[in-house]
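Participant: Listed below are the residues making up each chain.
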Amino acid sequence: MSKELDLGSWVNDVVQHLLENYSGAFDSLGSVVSGFSEGIEALLMLPPAWLLIALFVGLGLWRIGARFAAFTAVSFVLIVLTGFWEQTVVTLGLTFSATLISLLLGIPLGIWSARSERVAMITRPILDFMQTMPAFVYLIPAAMLFGLGRVPGIIATVIFAMPPAVRLTNLGIRQVNKEIVEAGQSFGCNSRQLLFKVQLPNAMPSIMAGVNQTIMMALSMVIIASMVGAGGLGNDVLASIQRLDIGLGFESGMAVVLLAIILDRITESFGTTRQVTHKTTWYSWVSAKLKLQRQ
Amino acid sequence: MQSGKIVVENLYKVFGPHEQEAITLLKQGWSKDKILAERGAVIGVSDVSFSVEEGEIFVLMGLSGSGKSTLIRLINRLIEPSAGDVFIDGQNVAKLPHSQLIDLRRRDMSMVFQSFALMPSRTVQDNAAFGLEVAGVGRKEREQRAMAVLKQVGLDTFAHKFPHELSGGMQQRVGLARALAVNPSMIIMDEAFSALDPLKRREMQDVLLELQKTHRRTIIFVSHDIEEAMRIGNRIGIMEGGKLIQVGTPQELVDNPASSYVRNFFETVNTSRYLTAGQLKADSVPLYVHNGKAPDALKVCQDLQALDKHYAFVVDEEKRFRGSISLERLALLVDNGRTCALEANLLKQIAPLTEDQPLDQIIERLVDNEGPMPVVDSQGFYAGAISKGRLLTRLQEE
Numbered sequence: 231m232s233k234e235l236d237l238g239s240w241v242n243d244v245v246q247h248l249l250e251n252y253s254g255a256f257d258s259l260g261s262v263v264s265g266f267s268e269g270i271e272a273l274l275m276l277p278p279a280w281l282l283i284a285l286f287v288g289l290g291l292w293r294i295g296a297r298f299a300a301f302t303a304v305s306f307v308l309i310v311l312t313g314f315w316e317q318t319v320v321t322l323g324l325t326f327s328a329t330l331i332s333l334l335l336g337i338p339l340g341i342w343s344a345r346s347e348r349v350a351m352i353t354r355p356i357l358d359f360m361q362t363m364p365a366f367v368y369l370i371p372a373a374m375l376f377g378l379g380r381v382p383g384i385i386a387t388v389i390f391a392m393p394p395a396v397r398l399t400n401l402g403i404r405q406v407n408k409e410i411v412e413a414g415q416s417f418g419c420n421s422r423q424l425l426f427k428v429q430l431p432n433a434m435p436s437i438m439a440g441v442n443q444t445i446m447m448a449l450s451m452v453i454i455a456s457m458v459g460a461g462g463l464g465n466d467v468l469a470s471i472q473r474l475d476i477g478l479g480f481e482s483g484m485a486v487v488l489l490a491i492i493l494d495r496i497t498e499s500f501g502t503t504r505q506v507t508h509k510t511t512w513y514s515w516v517s518a519k520l521k522l523q524r525q
Numbered sequence: 090m091q092s093g094k095i096v097v098e099n100l101y102k103v104f105g106p107h108e109q110e111a112i113t114l115l116k117q118g119w120s121k122d123k124i125l126a127e128r129g130a131v132i133g134v135s136d137v138s139f140s141v142e143e144g145e146i147f148v149l150m151g152l153s154g155s156g157k158s159t160l161i162r163l164i165n166r167l168i169e170p171s172a173g174d175v176f177i178d179g180q181n182v183a184k185l186p187h188s189q190l191i192d193l194r195r196r197d198m199s200m201v202f203q204s205f206a207l208m209p210s211r212t213v214q215d216n217a218a219f220g221l222e223v224a225g226v227g228r229k230e231r232e233q234r235a236m237a238v239l240k241q242v243g244l245d246t247f248a249h250k251f252p253h254e255l256s257g258g259m260q261q262r263v264g265l266a267r268a269l270a271v272n273p274s275m276i277i278m279d280e281a282f283s284a285l286d287p288l289k290r291r292e293m294q295d296v297l298l299e300l301q302k303t304h305r306r307t308i309i310f311v312s313h314d315i316e317e318a319m320r321i322g323n324r325i326g327i328m329e330g331g332k333l334i335q336v337g338t339p340q341e342l343v344d345n346p347a348s349s350y351v352r353n354f355f356e357t358v359n360t361s362r363y364l365t366a367g368q369l370k371a372d373s374v375p376l377y378v379h380n381g382k383a384p385d386a387l388k389v390c391q392d393l394q395a396l397d398k399h400y401a402f403v404v405d406e407e408k409r410f411r412g413s414i415s416l417e418r419l420a421l422l423v424d425n426g427r428t429c430a431l432e433a434n435l436l437k438q439i440a441p442l443t444e445d446q447p448l449d450q451i452i453e454r455l456v457d458n459e460g461p462m463p464v465v466d467s468q469g470f471y472a473g474a475i476s477k478g479r480l481l482t483r484l485q486e487e
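In order, the protein sequence lines correspond to chains A and B. The letter at position 268 of the first sequence is residue 498 when you use this note's numbering, and the numbering goes up by one with no holes. The letter at position 4 of the second sequence is residue 93 when you use this note's numbering, and the numbering goes up by one with no holes.
Keep in mind the hints are simulated off the structure, nothing from the lab. Where a beta carbon is used, it is the ideal one built from N, C-alpha and C, also for glycine. Just to be clear, a hint being listed does not mean it is correct.
[Unchecked claim] Using 30 Å as the maximum straight-line C-alpha spacing, the simulated DSSO-like pairs for lysine-lysine come out as follows:
no., chain 1, residue 1, chain 2, residue 2
1, B, Lys477, A, Lys427
2, A, Lys408, B, Lys332
3, B, Lys408, B, Lys477
4, B, Lys250, A, Lys427
[To be verified] Now the in silico label distances, taken between C-beta atoms and shown as ranges:
no., chain 1, residue 1, chain 2, residue 2, range
5, A, Leu285, B, Gln189, 35 to 45 Å
6, B, Gln446, A, Ser346, 19 to 29 Å
7, A, Gly254, B, Lys184, 53 to 63 Å
8, A, Arg345, B, Pro287, 34 to 44 Å
9, B, Lys240, A, Arg345, 33 to 43 Å
All chains, full assembly: derive it from the sequences and hints.
Facilitator: Written out as C-alpha cells, the structure is:
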C-alpha cells in the first residue's frame, strides 16, 4: 500500500512533540485524575460487600420495584460467588470516575453549545470524531502520554463517553417548549435564571438520558481500557482471550453484563419517572410500601 | 404623541437579512411579497400604531400569520423591534436598556400563553409563584401571594398538585394566576383560551371579566375567535398581513367594516346578539307631553284610532318617561264618559331600557312586556321605543 499523503506520521509527530515538551503538564493532569479515581475506588471499597449490594438493591426498590430489586440482589450474589466481586468494584470505580469527569466537562459544554450556534457548529464534528473513532485508537496516545495504568484508561474513556452528555444536554435545552422559555423571559428571568429555573429543569429528561448513555459507554470502554492496564473486570476478559479460556470469558463477561443492566435501569429511571411521580420523599415512600404490605 | 397606557408608534418587525433596507423599501411602497422574493426578508409587523387605554381590554384579531403574535411580543420585547416605539406609561420599551427591561417585566407586566407554558416539574403553587421567585421575593411571602391568587381563580385546593394532574381549563387558571401574582398593571394574553373547548373558554372569559371588575388591568388579548373578541374586548384591532387595518369597538367594526377582510370576520357571528337598544329603537309610539297639565284621554284615544296604533307614551317637559297607556284602557276610560286627563295614576309604569343595553340583556323584558318598551339615553331622556314588530323586522335584517 503506497501512501500519497502520510497523515499518520503527522499525528505521530504531534504526539511526540507533546510528549517531549509538555510531559510535565500531562503528569500533573495524570496525578489529578489518578487521585480522583483512587478516591472513588477507596470509597466503594470502604463498606463491606453486603452493604454496597444492599445500597444498590435499595436504590432498585425505590426507583423501579421489587422485581428489579430481586434481580439486582441475585446478580450481585452471583458475582460474589463466582469470585469477581473485587474486580467488579474496581470496574464500577473506573466507570464512576470516568462518568463524573465526562459529565463535569460534557454538561457545561452542552449548555454552552445550546446557547451559541458557533460553539454548536464547532463541537459537532469533534463529537462525531470522538464517538466514532474506534475506541482502541485512543488507548495508544493516552498510554504514551500518561504511561500505563488507570489514568490513560480513564482519559480514553472520558473521550469516548463524553459526547452523549454534550449532545443530549444541548438537545434537551434546545427542545424546551418555546412558550415555556418565553414564559421565563416574560416574567423577567435574567440569563442565569432562565438557565437554572427554566431550561435545565425542563431539559432534565434529556440530560438524564445523556447521563445514562455516558455511563453505558464508559462501562464498555473501561473494559477495553484494561489493555493499557486499567484493571478491573477487563483484566479477566483480556486474560480469557489470551488464554482462550471460554469459561473465564463467560464468567467475567456475565459480570459486565449484569453490572451494565443494573446501572442502565437505575440511571434510566431518573430520567423518565422523575417528572411524572410526585416528589417522593424517602419517608413517604417507606410508609406507602409498609401500608401496601399490611394489606 | 398619543396618550394611553400603551402607545405603539410606527412599529416594524422584519425577520431575516437587511432589516433596515426592507423597511425603507416598505415605505417606498414595495409589497411584502416583493420584498420577500427580492431581498429574502419576511415582514412580520409593518407600520403599526395604536394605543391602549388604562384598564381597557384590547383584542388583537387576525388570521394566522397576520402578525398578531409577533406584535404582542414586540410590546414586551420578547422579540426585538426593527423600528418604531412602544411606550408603556410614557417609557419607551423599545429603547430600554436590558436591565431595566428585566426590571419592568418583573414588576409591571406579565403574559399568559396559548399552551399554558407551565413548568411540569413545579407544583401549581410554585408555578403561580414563579414571577415572584424570579423577582427575588422571599419564599414565605411568595407562597402566601401565590395562594391568594390561586384562591382568586378558584384553585387554592389544588396548590400542591402538578400541572399534568389538572385539566386544560384548570391549567390555564394556573397560567392566569401566575400572571396575576406579580400584580402587574398590564397583562399580555396570547390566544390564552384558544386551546380550550368552547364551554371552558366561556368559563375562562367569565373568570377574566370577573377579575377585571375587582381590579381593572390593561389587557392586550390576542384571539382568532370573533365571539370571544366581541364578548371581552372593549376595543378590537384587526390585523392583516402585518398591518393593523382597523381599530374600533365591536359595534363600530360591525357597522362600518373597513374592508371585506374585516366584514368576513363578522359574517359567521350572530351579530344580532350585539345589537343595542339604541340601534333597535324607533319613533313608532305617539308621544304626549305632560307639561303641568296631563293630556286629554279622549284626544289621545281619537289620535291612536286615526293612526291605527295601540299604545301611547307620556313624557314630562324634560322628556323624562312618565308611563304608557294602551288604546284598550283608553277606550274603557272614554266609554264611561269620563273624558279625564291622563294623570300618572292612570298610566302603566315601566322601567325604561337604556340605549347601550345589548339585546341579550333586554330580550326577556321585550317579550314579557305587553306593549312596546320605552328607551332612554344615558342621561335618562326619552329616545324612542321598541315594539315586538320592530324587533322582528330588525332581526330579519341582520
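Participant: Hint by hint, say whether it matches the structure.
Facilitator: Structure-based check of all given hints:
1. B:Lys477 / A:Lys427: violated (62 Å)
2. A:Lys408 / B:Lys332: holds (25 Å)
3. B:Lys408 / B:Lys477: The given pair, whose Cα atoms are some 23 Å apart, holds under the 30 Å limit.
4. B:Lys250 / A:Lys427: Distance ~19 Å between Lys250 (chain B) and Lys427 (chain A) Cα, so the pair holds.
5. A:Leu285 / B:Gln189: 35 to 45 Å: Given about 52 Å between the Cβ atoms, the range is violated.
6. B:Gln446 / A:Ser346: 19 to 29 Å: At roughly 60 Å between Cβ atoms, Ser346 (chain A) and Gln446 (chain B) fall outside 19 to 29 Å, so the hint is violated.
7. A:Gly254 / B:Lys184: 53 to 63 Å: holds (54 Å)
8. A:Arg345 / B:Pro287: 34 to 44 Å: For Arg345 (chain A) and Pro287 (chain B) the Cβ distance comes to about 41 Å; the hint holds.
9. B:Lys240 / A:Arg345: 33 to 43 Å: holds (39 Å)
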